[in-house]
Amino acid sequence: MSILINKDTRVLVQGITGRDGAFHTSKMIAYGTNVVAGTSPGKEGTIIPSGVPVYNCVEKAVNQTKANTSIIFVPAPFVKDAIMEAANSGISLIVCITEGVPTLDVIEAQAYVQRCGAMLIGPNCPGLISPQESLVGILPGNIFSNGKVGVISRSGTLTYEIVYNLTQNGLGQSTAIGVGGDPIVGLYYKDLLLMFQNDPQTQSIVVIGEIGGDAEEQAAEFIRDNITKPVVSFIAGKTAPADKRMGHAGAIISSGTGSAKEKREAFEKVGVPVADEPSQIPILIKALLKQS
Amino acid sequence: MKIFEYQAKELFDSYNIKTPKGGVCYSVQDAIDLYTKYNVDKVVIKAQVHVGGRGKAGGIKIANNINEVENLSNSILGMQIKGLTVDRVMIAQAVDIQMEYYLSFTIDRNSKSVILILSEEGGVDIEDIAAKTPHKILKFPIDTTIGVPDFFAQKAAYQLTSDKNIAFQIKEIIKNLYMLFIQKDCSLTEINPLVITKDGNVVAVDGKINFDDNALYRHPEILELNNPTEEEKKELNAKESGFSYIHIGGDIGCMVNGAGLAMATMDMIKLYGGEPANFLDIGGSSNPNKVIEAMKLLLSDKQVKVVLINIFGGITRCDDVAKGLLEAFSQIKTDIPVVIRLSGTNDKEGRELLKDSSLHIEHTMGEAISKAVELSKLTNPIN
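Residue numbers (the working numbering), protein chains in the order written: chain F, 1 to 292; chain G, 1001 to 1383.
Source of the hints: derived by calculation from the structure; they are not laboratory data.
There may be inaccurate statements among the hints.
Pairs of lysine-lysine, BS3-like flavour, derived with a Cα cap of 25 Å [claimed, not checked]:
no., chain 1, residue 1, chain 2, residue 2
1, G, 1136, G, 1184
2, G, 1136, G, 1112
3, G, 1198, F, 238
4, F, 261, G, 1082
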């Protein structure tokens, strides 16, 4: 078991003929992901190198291929529409990779996704992976290994760094998810923590947070009340100055809140140890697993 | 993106939100001319800068006559507020205040929506109200599919007053400010204070508007209002080259792929006893030109004594990154020692390619950072 995606996941790529869409489609297929369709308005029937059938609209692609998960690579100005189209066509999990989407577009699209009973991950995220089962995103599959650690992260390369350390130390992953670096994104800590809590394969959880907002503080309270599995954390941005966006649109200490210190304190208060550096994560997990 | 108060007030005016008569002045003579033109007694002279705390810094003064306008604008123009030089002031007609409220729209991460914030405690920083009297902050999450209908704005307005005339005016302001927020893709529209004057008018005496950088492409008219500081210009130039850069001030220049890893690198430098000079995310590519551009940016900071390049190879393989680095460093001449950490996909091949260069090659993040910190402590850290 894993969460959200597994070997039965049927993936549709929105924006499959673009440079990034085409490149990562081939990477996902090479990993073993079941990519069943792609969309690109006006290019239905086009033969593309990956051999994936191309459709004009998501609805037809879903009807003909039974795709249930979509990954979005379309340019930022078209993302809101792409998300709504996927939700409207019966896609249940929508993963948006595109960076630079206007916040108000995400708010409207996310509200619509919710009304359709679907789920959104991202935008501005690396996607997710259930090692040896399915990769829906741009994560480097080769550094992941199948196992019992669930990973939730606001970052990309920092996640790879931590996963690399986990894998090197014999700690495989059940599912790893990058939730996205924007102020407003779809699924977040609480939703995913609960899924990992209910997933029999997952034994422990790593939360990779960063400055900005108070999601880590809220996650800490949620963990105290709802999560019995061991959770460890890393928080990036201790040295970040206030009022500066640190690369991610959502990584900003504003009006005196959102600092790494507050987040660390919130986690430690509820018994979630916070690593000083990525290489400590496997050590912290092993220590907690020994206790439990 | 931030704009000045006078620009925010011009936008308020265009959305039928009343503001005191006022305008911008770049010189003492401008200020005197504007004061004469307005033909009023009392005006407020306000420094125009993109930071808060102007009042405490002495950047807001009341002038009662032409001599005071001359003296005060002379003292405010050119003054430094939090490191920024004041190059323009706003002259605004003073109003007779009966009540001061707080009113804003902003993005709320928790409700994943736009939120209306009101308080009867206007005129002070909202952070101060939040810290001292959090119960006096009223929040109304908005369903953007229906926006702000009359009933909603009215419900909010009657939380501040029971006077029908005042409530009506506040209701209109709430609706108009929301329109502005949505139509211009703002991340903050704030009126503080929202003043009830002694003659029963509701006016925006101070205003702040921030825009969503991701949406500026569809608002060329807003982009024209941009007036970046020197530091922001450097950050904008970096953005045009495809990376994000923020100056921090230490002596270890950092170049990292990915924002989260870049932050973690800075944090670890500090943890190991060093001082990061900057945040620099070069994104995910092995393009030598990008490395050259990034190196130029790092070396333009004369405080930098060591450069640390921290790359985690994911989709971009480490051997490709190494080739890019070799090409870049064949063109960059510098005495500054460079520490490189390569890890991830094809890292052994990557490190092998670099082993004959003058660069310090390290395997783990910890090793690379201790090396960089060690080099930064040397007085003359030449290779």
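Quick rundown of the hints versus the structure:
1. For the hint pairing residue 1136 of chain G with residue 1184 of chain G, the CA-to-CA distance comes to about 29 Å; that exceeds 25 Å, so the pair is violated.
2. Between residue 1136 of chain G and residue 1112 of chain G, the direct Cα distance comes to roughly 22 Å. Compliance with the 25 Å bound is thereby established for this hinted pair.
3. Taking the CA atoms of residue 1198 of chain G and residue 238 of chain F, the gap is near 48 Å; set against the 25 Å cutoff, the hint is violated.
4. Our distance criterion of 25 Å between C-alpha atoms is met by residue 261 of chain F and residue 1082 of chain G, whose separation comes to about 24 Å.
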